[in-house]
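Order-wise, the sequence lines are chains F, W and Y. 0 is the number of the first residue of the first sequence in numbering that gives the first Met the number 0; add one for each residue after it. 0 is the number of the first residue of the second sequence in numbering that gives the first Met the number 0; add one for each residue after it. 0 is the number of the first residue of the third sequence in numbering that gives the first Met the number 0; add one for each residue after it.
Each statement offered as a hint is correct.
Selected chain W positions facing chain Y (in silico; Cβ < 8 Å):
| # | residue |
| --- | --- |
| 1 | G2 |
| 2 | Y3 |
| 3 | L6 |
| 4 | I10 |
| 5 | L93 |
What the hints contain is simulated information worked out from the structure, not anything from laboratory work. Each residue gets a CB set at the ideal place from its N, CA and C atoms; glycine is no exception.
Chain by chain, the residues run as shown.
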Amino acid sequence: MADLHREVFLVLAFYLAGAVIPLILKKHPATSLGLGCLSAALAGVLALSVGVRGMLSPEPVLISLGHILPGVELELFIDRLSGFFVAAISLVTLLVSLYSRDYMKLYQGENIPWWSFCYNLFVLSMTLVVTVNNMITFLVFWELMTITSYFLVTFEYRRQQVRKAGFAYIVMTHLGTVFIMSAFFILYSGTGGGWGFADMANYSPDLPEATKSIVFLCALIGFGTKAGIVPLHLWLPMAHPAAPSNVSAVMSGVMLKTAVYGMVRLIIDILGPGPSWWGGVVLAVGVVSAVVGVVYALMEHDLKRLLAFHSVENIGIILMGVGAGMIFFSWNMGVLAALALAAGLFHVLNHAVFKSLLFLGAGSVYYATHSRDIEMLGGLIKRMPHTAALFLVGAVSISAIPPLNGFASEYQIYQSLLGIAYLKVSGIWMVAGILACAALALTGALAAACFVKAFGISFLGLPRTEKASKAVEVPWGMRLSMAPLAILCIVTGIMPEMVLNPLAAAAGQIFSAAAVPVIKTYNSNLALLLLALVAALYGMSRLAGGGRVRRSETWGCGIVPDASMEYTAASFSQPVRRVYRSLLQPQRKVISKYALLPYFGYRIHFEEHIKSLVKDFLYSPLRRITIIMSKKWRFIQCGNINLYLGYIFITLILLLVWNR
Amino acid sequence: MIGYLTLVFLITGLLMLGGRAVSRSIALLAAQSLVLSMIAFYLGLWDAKASWHMLVVGGLTLVIKVIVLPWILYRLADRVVKYHEVPLSIGPGLSMLTGVLLVGLTYSYVVPVLLKEVQVGGQMFPVALSAVLLGCFFMISRRSAFNQLIGIVMMENGLFLCAIAINGGMPLILELGIFFDLLVGVLVMGVFTNRIRGTFDTLDTKVLNKLKG
Amino acid sequence: MEGNVTALGGQIIFLMLLAPLINGIIKKAKALTQRRRGPGVLQPYFDILKFLKREPVVSAHTSWITLVTPYVCLGASLAAGSLIPLWGHSAFQLGDLIALTYLFALAKFFLALSALEPASAFGGMGSSREMMITTLVEPVLVLGLFGVVMVAGTTDLAGLAGAGQNPAGVLAFIGLMVVTIAETGRIPVDNPDTHLELTMVHEAMLLEFSGRHLGFLHWAAMVKQTVFLVLLTYLFWPHPSGSPVLQAAGLLVGKVALLGLLLAVLESIMAKMRLFKLPELMVGGAAFCLLAVLSNSFL
Chain F
0 MADLHREVFL VLAFYLAGAV IPLILKKHPA TSLGLGCLSA ALAGVLALSV
50 GVRGMLSPEP VLISLGHILP GVELELFIDR LSGFFVAAIS LVTLLVSLYS
100 RDYMKLYQGE NIPWWSFCYN LFVLSMTLVV TVNNMITFLV FWELMTITSY
150 FLVTFEYRRQ QVRKAGFAYI VMTHLGTVFI MSAFFILYSG TGGGWGFADM
200 ANYSPDLPEA TKSIVFLCAL IGFGTKAGIV PLHLWLPMAH PAAPSNVSAV
250 MSGVMLKTAV YGMVRLIIDI LGPGPSWWGG VVLAVGVVSA VVGVVYALME
300 HDLKRLLAFH SVENIGIILM GVGAGMIFFS WNMGVLAALA LAAGLFHVLN
350 HAVFKSLLFL GAGSVYYATH SRDIEMLGGL IKRMPHTAAL FLVGAVSISA
400 IPPLNGFASE YQIYQSLLGI AYLKVSGIWM VAGILACAAL ALTGALAAAC
450 FVKAFGISFL GLPRTEKASK AVEVPWGMRL SMAPLAILCI VTGIMPEMVL
500 NPLAAAAGQI FSAAAVPVIK TYNSNLALLL LALVAALYGM SRLAGGGRVR
550 RSETWGCGIV PDASMEYTAA SFSQPVRRVY RSLLQPQRKV ISKYALLPYF
600 GYRIHFEEHI KSLVKDFLYS PLRRITIIMS KKWRFIQCGN INLYLGYIFI
650 TLILLLVWNR
Chain W
0 MIGYLTLVFL ITGLLMLGGR AVSRSIALLA AQSLVLSMIA FYLGLWDAKA
50 SWHMLVVGGL TLVIKVIVLP WILYRLADRV VKYHEVPLSI GPGLSMLTGV
100 LLVGLTYSYV VPVLLKEVQV GGQMFPVALS AVLLGCFFMI SRRSAFNQLI
150 GIVMMENGLF LCAIAINGGM PLILELGIFF DLLVGVLVMG VFTNRIRGTF
200 DTLDTKVLNK LKG
Chain Y
0 MEGNVTALGG QIIFLMLLAP LINGIIKKAK ALTQRRRGPG VLQPYFDILK
50 FLKREPVVSA HTSWITLVTP YVCLGASLAA GSLIPLWGHS AFQLGDLIAL
100 TYLFALAKFF LALSALEPAS AFGGMGSSRE MMITTLVEPV LVLGLFGVVM
150 VAGTTDLAGL AGAGQNPAGV LAFIGLMVVT IAETGRIPVD NPDTHLELTM
200 VHEAMLLEFS GRHLGFLHWA AMVKQTVFLV LLTYLFWPHP SGSPVLQAAG
250 LLVGKVALLG LLLAVLESIM AKMRLFKLPE LMVGGAAFCL LAVLSNSFL
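Just need the whole structure built from these sequences, with the hints factored in.
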């Protein structure tokens, strides 16, 4: 595998060049941005080929890059799982890099070379996180990924909201990192056999059950924070709208997935089969995240916050697949486990594709109208037909509607969940499997409702503001870099076996399952049938009365309707808000103003807010407790430098005594 | 056949939880009792193990619970129930769902774990136990004294099915006693509700709080 | 292979032709229970024929989405119907139960979008309500269907004929009947006969459609209703396998018409529910489906 060596070095070189060159060419912003994006894209192409080859090769590839610390070697270990994640990351970042070349022109006057630097390092660290094979290097790149993405989130640091979002992001993900580190260190102290993943995997079966469960919970919380599971999702809807759209596309599309990778690697690969409640917990977390995420998404009017909540939802769906896989694994059913995990991983890819497409679409809308609030948009399909069509493809995909890819992966997850019920292990599990299916159906329906709203309000109807009515289509570079994502949505939707079978093989490698059967799907037949039927019906209609269509004004009971009469996003989601009020707790305030009588000449001020239960019942009490505790401990912070030196000295002595 | 019948028994119980109207509850109660008598007849006629008692019991059920009791209840309802719909503590949808959860609890925990030494095949036993729980919940979730009366009869139906499921019914004399108990009980309750209505002008059990000194 | 294609095509045409008849029967039965004479059973055919001859007028604010929606809706409904192997054409896999339910979601998605297009408040209202109802219906539908599926151990429709013929199936059937009422826009949920803005859901979305387009959408709604009834008969009351095609078709029409009559009677004896009472109804349906799942799991 000598040639992979060369490519990996080239990938590293291109990313590093993309990071450094723009800083050197700071005086020429346009060139520096172009070069930064170009070299990221080139690296992306190479990394994609590395990833795909890693995913398809039965033998893992090991590439050593030398020692970085005594006893710790920087090694890249690309097995099928890592290969898949490298491929998914590079695929998305490749297109986002191309998109950014035009999109970043929106931020003229900001420090664009700094953006290029962080962006390239960010992508590089993501690529390395999913390929390194010991925990020290994993943590190093994990932190690098967090920090570079923090700088990308706070790119527009002059706005206070952005700084706040960045702060929430960095605090929460660091808390998560603490849990990941504890998981690693517990494993290390338990095995004492070295920092490598392989060593740990060898020793972990000897660990006591309780220790393993603690490691599992630490990993779930730690990686879950990064992935944005409920109730640790709070940073997601803050950070995504703060970051530039292309960065959100990468963060939501692939950075969250590195956490999924971490979970699969640490929990399934290293810890091995655990008790079945592990899988049950992951499944339950998935169900809760999916439903809660999508219900809150439906309430959002900020296009990017809406998409951020959908990331929570889709992570939940992915975890449903992973959880099902863990349940099967605990029952020693390698093949079924592999199929379930493959379903989850397939959704990883699909979500990466359609979510980055949607974020880029939202970016294009922002580029054209300078607005992310869908109440300010409308009628964009006339002015930006290509963006609208691309966004529609993403919307249909994420709503799990056949024949696109969201349906293909959710279908596989359905089958895995049903598999739990088919096995008849115990009544509880059967009911749990079916209930999870119902939750998945609920999620799909809510997502469809949400995207009817998001697409319908922002792209259809009449423009609600002047900005929206004067929008022009975005540059070709942006459209063309979105198009491949849309095509992928369709292709993986119609021919899912193309991706599913390698994924099943990858999952089989983890579970060391016997030959995983070849998955056959009907999606291409179904797509063909649909196409044929629609074409035949159109033909029938042409035969019946020709293709002529007359256009006229909308009927408005005698009034010519204008934009103010249109349904708004708030009114669209009102029925849902009311039906799910126990979860959303909407608070409504209506003030009507009138001069003489309430029936004449009145203005109505209407506002409705939803409450976040998680915030009210989990975070606010926590914050209060923290503040109270801190006040009690404040006396140790007196500002005297000698005292601080004393603290250090005492700690040193204590450590010496401890270690004796 | 028995499977389908017990199922209909359960469905009527669940539907009673899902309704507000008094007349509907009574009709469903009558239907449930009818199913019960059909089960008794079916067992008496076609099941070799069951005795001829079953036929007597079925006949009694038919007469007392399907005809006499609902008739009394209807007349009572006409006189004492002011509104057609009774106040609920929990909405009908949610109370149905709670009912299902109770059934699930019986299926998953009570029967296989708590009562595992009771060796009864088939669905009859868990269904009967669930019906008892449903009747109990029916009484809790309705604030009208009248509906608590209906809930009692529903619980009795469940207990009766339990008895059939465990050992083909109780001794005949005991069963006769229970029937008369029930009849007298309903009459007493009827008089009682009548008095409540007379005193408070409502059947809402909330007002009974006022009796507290 | 060719035989299969013929069977598939035949089934699609059969469903297209059957749907108006079933609708006509329901309408007639409803009229009779309300002591009206009502239109003839064949009236829906004449309606569709007339619609197909008319030139459509569409709002000036609309885009291509409105133009494709009628074809997508009818196409998706027919595709869903053709997945049920009524007389065994399952040689090539087209889809299973999950695909069937999600194909209706495709139709609904496009219809809801096109209702937002003309920028009128009615369409938005219909579309918003429809999507809310969907969020209530879809989980119940899946719960009920999977309550049947978990016994059969497959979602492949070929293996599901008569899978609901057990005590738990009765429970699932009741739950799915509630779903059918909601999905086909019948009375406690929606009123198919009115254009009153307070009650309408489906009709509100169709308000801006006319001519051929409206005809196709009406047809799609009829096909959807028929497919639901056909699915119910297929799961709970199938004809014996291997019966000759004509006999099978006859039996099927009879059974579906019978279910249609049931719908009509239910619709006549019930009053329209307030929109926000719907969760109660659907939770009731869910309770039955859940009970089916519980019985299958524990008994």
